[in-house]
Amino acid sequence: MARLSSWLRLAALIGAAAVLAAPSFQAAAGADKPKLEHGKGDKCVEDTDFMRRNHMELLKHHRDETVHQGIRTTKYSLKQCVACHASEKTGSVAATKEDFCAACHSYAGVKLDCWDCHATKPMAKQPGQADAQAEVKASPLMPNPQNGGAKQ
Amino acid sequence: MNEPKRPESNLENGERRSFLVASAALAGSAVAPGVMLYGIAQAKPAEEAVTNKVRWGMLVDTNKCATGCTDCVTACNTENGLSGKTGPQDSQWIRKVDIKNLQTGAQHTLPMMCQHCEHPPCVDVCPTGASFKRADGIVLVDRHICIGCRYCMMACPYKARSFVHEPLTDQNPEVPRGKGCVESCTFCVQRVDRDQSPACVEACDKAGHKAMVFGDLNNPESDVAKAVKAYATTEVRGDLRLNTGVRYQGI
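First to last, the protein sequences are chains W and B. Residue numbers for the first sequence follow the working numbering, beginning at 1 and rising by one. Residue numbers for the second sequence follow the working numbering, beginning at 1001 and rising by one.
Please keep in mind that the hints were generated in silico from the structure rather than gathered at the bench. Everything hinted at is true.
Here are some of the chain B residues that sit facing chain W, going by a computed Cβ distance under 8 angstroms:
#1 1046
#2 1132
#3 1142
#4 1143
#5 1144
#6 1167
#7 1171
#8 1173
#9 1178
Cβ coordinates follow ideal geometry from the N, Cα and C atoms, glycine included.
Turn these sequences into a full structure, and let the hints steer you where they fit.
Written out as structure tokens, the structure is:
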């Protein structure tokens, strides 16, 4: 129910945006979507269409599984979203309104509290943490943390 | 904290030890023949949920814990992204406590943190269900549910929990933390889930003190289970009968 109505809401927004954009002919290519940086690799963890609509459900489900049951699969992990979707420019998914998650959310009028706690940048070497980071290297959660997931 | 050992609390500990061993034996008999029991505690596949076959616990030997050494505290701060400040509004997940028995003059120093109780008072009082005990005995705050009421901080006999008063930045991606929630020692759950010991234990080993032993209390082959079986150990505030996962030796 909630998802349907929110999808309708997004559809309505998109509709409105399309109507507004049409007269100036900026609609030519992909005006039905905000401009998003392409993630790393060639596809997302599910079909792009599915992700567009259902990523929040995947995240919330995975969150509960991880926190309460200690399930540590990486597929729907927020850390992995960040690793693949961090911007080339800012290294973050939500530092500026152009960064992946923030771009779409500001377009759709969604505000998240996730980034109050969760890092918007992938695991990277921090000053004075050389040792702790060296261990993380072995973590199955983070296949390639030393380069901050920058060139995967 | 400075309580002298009382005979009845020792008795209680003895009972609990034998109970732990008994339950471990039970768990063992439920495992198919040919499956190694210790396998249970090790390298859980990522997609598998934690179970109550494991109970994570720790034994601190206060005779080995060095006065003035704060390596465990520093390691905790680094792993979990804590500032290391110790003001009333700063988060401390583990702290060093110096104790002295006024009658005998005996002095000890020990690390104090969440004791990962079997019957955690913090979970009892939590109005939202954010405070919970994972099946494997680790007591946590689900910060997606925590509303920051701080009842749990009042209920905890060990003063183990902190509240985040100010917005934070640059958190460790592995350890999300943020304003408005209560937090405390997680036994470094992110490490335990990939079969590493908590950061404090690792640091203590590295410093050569080896005062902290971490492992599965339910697995009779684990170092911690062997140690609690072999030595007289104490629960801090054992009178509360919380059956803590962290036990102390030498106080």
